[in-house]
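Peer 1: Starting from the given sequences, assemble the full structure and let the hints guide the process.
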Amino acid sequence: MKTGATRDPLTIAATAIAFVTLFAATFPLFVTTITAFNATNETVFPPNGWSLRWFWNIAAQPELVEAAAFSLVLAVISSAISISLGVVSAVALTRKKFPGRDLIDAFLMSPLLVPQVILGLSFLVFFVRIGLKQPFLNLLLPHVVLTFPYALRVIRSSLIRMNPKLEEAAVGLGASSVKSFFLVTFPQMRPSLFVAIFFCFVVSFDNFTASAFLTVSGATLPVQIYFNIESSLDPTISAISALLIVSSAFFVIVADRVVGVEKIV
Amino acid sequence: MKQAGIEIEKITVRYGNSVPVRALSLDVKPGEFVSLLGPSGCGKTTTLRSIAGFSDIAEGDIRIGGVSVRDVPANKRNIGMVYQDYALFPHMSVEKNIGFGLRMRNVSAEEIRQRARAAAEQLRLSGFLDRYPQQLSGGQQQRVALARALVVRPDVLLLDEPMAALDKQLRSDMQFELKDLQKSVGITTVFVTHDQEEALSLSDRIAVMHDGKILQIDKPDTLYHFPATRFVAEFVGTANLFKAKVSNAGGRSRVELDGQNVSMQLDRELKAGDVEVMLRPEQIEFGNEAPAGSVPLPVRVQSAVFVGVATRYLVKTSSGQVLRVDVSGVQSVRPAAGEQTTIFWRLDDMRIYRDGMLEP
Amino acid sequence: MKAKLGVLLLLLPALGLIAGFLIALTSVLVMSVLDSSGALSLESYRSFLGDERNLTILFQSIWIAFYVTVICLILGYPIAIAMSRSSRTVASLITLALAIQFFSIYVVKMYGWMLILGNNGVINRMLLGSGIVSSPVKLMYNELGVAIGLTAAALPLMVFPINAVLQTISLRYEEAALGLGAGRLRALLSITLPLSVPGILSGVILTFVFCFAAYLTPGLLGGGFFKMIGNVIYEQAVARFNYSFAAAAAVITLLISLIAIVGVNKASQVLAGGRQ
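Top to bottom, those sequences are chains Y, V and W. Here the working numbering is used: the first residue of the first sequence is 6, the next is one more, and so on. Here the working numbering is used: the first residue of the second sequence is 105, the next is one more, and so on. Here the working numbering is used: the first residue of the third sequence is 842, the next is one more, and so on.
Calculated directly from the structure, the hints in this document are not laboratory data. Quantities reported herein were computed from a predicted structural model and do not represent experimental measurements. Here a beta-carbon is modelled for each residue, glycine too, at the ideal position from N, C-alpha and C. Be aware that a few hints might be false.
[Stated by the list, open to error] Keeping only pairs whose Cα atoms sit at most 30 Å apart, straight-line, the calculated DSS-like set for lysine-lysine is:
(1) 283(V) x 272(V)
(2) 170(Y) x 200(V)
(3) 1107(W) x 200(V)
(4) 287(V) x 272(V)
[Stated by the list, open to error] Estimated spans, in silico, between C-beta atoms of each pair:
(5) 35(Y) x 180(V): 17 to 23 Å
(6) 268(Y) x 268(V): 29 to 35 Å
(7) 81(Y) x 241(V): 51 to 57 Å
[What the hints assert, rightly or not] A few chain Y residues that face chain W, going by a derived Cβ cut-off under 7 Å, partial list only:
(8) 27
(9) 40
(10) 123
(11) 254
(12) 270
Peer 2: Rendered as structure tokens:
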């Protein structure tokens, strides 16, 4: 029962602060999207005329298209690896008791504690030392390291919340432990898998800081956008940004409909 | 301690489309212990929360000590409240928890210490002052919650199912302790519960609630023996109900149980028509000969369960109706399962309901 | 024994992955104590700490991370309160807005702020257009722009953990405090605030470390005029191939982050007092 609390002046004041702050925080996204429709090559808000030419211009910039494709492939593959590792590790960490379990858990989550500049530099130095210069692999490894802890955390917390008696009951009813995992546990994990896929994909696709250290040739999309911003501010950047803003908002709303937005924050 | 009565006058509480409390009135006399008893969702907790000031009343008025508190916020009402989960502040020691209300009333630190310690002593908590709530047992937590509520010398004490989290033995100990404490402090108390035994053993009066309304408010024995409605009869205690017909002749009524070969001559006159007859299980006896003034009915014993204080029977009449019979005492007749026997009851113990309402 | 071996096998791939990462991290440590000829030396640390410009950048990184964290806490706590207590509709609206902002591409978010703060940006066009100023106000390519960008980027990092803790605190506690005579504000300050300390701590740590080691925001909104330690590491490593120097700066950054994490945790233990 939330009655009473919703109407008290403190909650109202907090809600007002929340609205003002969030308006300010999301306003740049709105401005960016609108500036993509500028008629001239000035990126201004409000636009001095309307056109769609900057959207068509994306296609005329092969480095943007290539970077987008590269980032997409990178995000899909690194997420797939992280989710598979995450499921297997989460099951091992949750279902079995063994000494040092918490230590191993902390060890596996440790990449989240390290600032991304340092993570990026680490892999750069490491690859230089071992002489590995392979554009895709050089990014894939750090991206898996970055996304894996999210997958592990999301999947593990859903496993912890799950009633272990259910799997026991299935075994008691004659299912093998492998069968009971796939018939009882796995179906209950589905919402958390969805959340994990969402997180891994976004973390990888959005990553700039670590990737910037490792993109000597073959840039990811955020790094390419950064380079473009530094070299010029024509509305093509707004156009590609608008596409990204709309699609990430779309995915957040889909996630909200599927699992509830409170699960992904 | 000053004593304040509570007068609730036709209050209605609305949450959106639901109306958990409908035009409910209740007078609690100063120093009285009144229980609100009812199934979950009957509005008993909402009623308690409106006394406390946590549920806004849409209509009606509540007076504490004769003063309307309609527009008084919860923190200015001077009430003591104990929650089902106690709501002890987890980040504060027992002493800090008990002293919290005094701190809010800007009492001096020295006096807070003294009064908190005195309250702790009264509730046998002196050894636990430096502990934190999560280090205490359920019973100790409940005593802290009581001490915290009482130390501010509230006008009224409101208890929201405070025993629900305790196990059976502890619960019955705490019932005695709570009753003693309430009597010695003399504080007006409203107690919410869905446990009828708890209500019967603790209360001066019990208000049975259903669907946002009070169906009956009476002393425990009155409530048990003269339930005003069929719902109360079934909710408080166990009720055996027969469908029956009333017919009149010569200024007196005759009651015939449907499908049974039983007819009873009353010494008063009721309106003719369909009624229901209610009997408590312990008012039915087994025997071969009917004592004078009692009604016999042949039955077959289906099962017998010994529960310590009594033996509980399920018996079946020739028409197939199943009744509950409780037999206590060592000397009584105790038939075995499967046996054919006769049950009796006294006309005075029988209650008659027409359309769910008690007939005089 | 067999079961334990099975667990180890299941964990092996993940353990290998993270071990690989730790080896990479160690290679930074090793690199930081080597000189250009590959011999053991503290030369990189000496040249980093010996240059006043580096120290200035280090201290202004700490300072801006500190005050941005404070601003995020002041703005973020009410947001978390609103999320956990408003009616369902309002709460999910706030959560949705925050999630959309959070999951937008970081570089795009900062680009958006450039469109607002720049000389030809939304604010300056408004100010110039209304005649309040005659020449553009400098809102970016300075500390102010970086602070605004960092606040926007880090805000969700503060709100989410606080909200997660607030959701678990029963409203009964605050209600009990009201029943005992506390006012709304006093109940919030004496009950809810102390109970939400664990969330505040995670928020503060995440925000501080994120801001302190930021690279993208000072890169775009500082525009080379306001630099942070992340920019120094990147320039030295990627533009000048001075890996040893970058590594020394990275080790110092990591150390300061760890000191901040440990410090905040220690402070929380003091705040928690006798409670375990």
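Peer 1: When the hints from earlier in the document are held up against this structure, which numbers fail?
Peer 2: Hints 2 and 5 not satisfied by this model.
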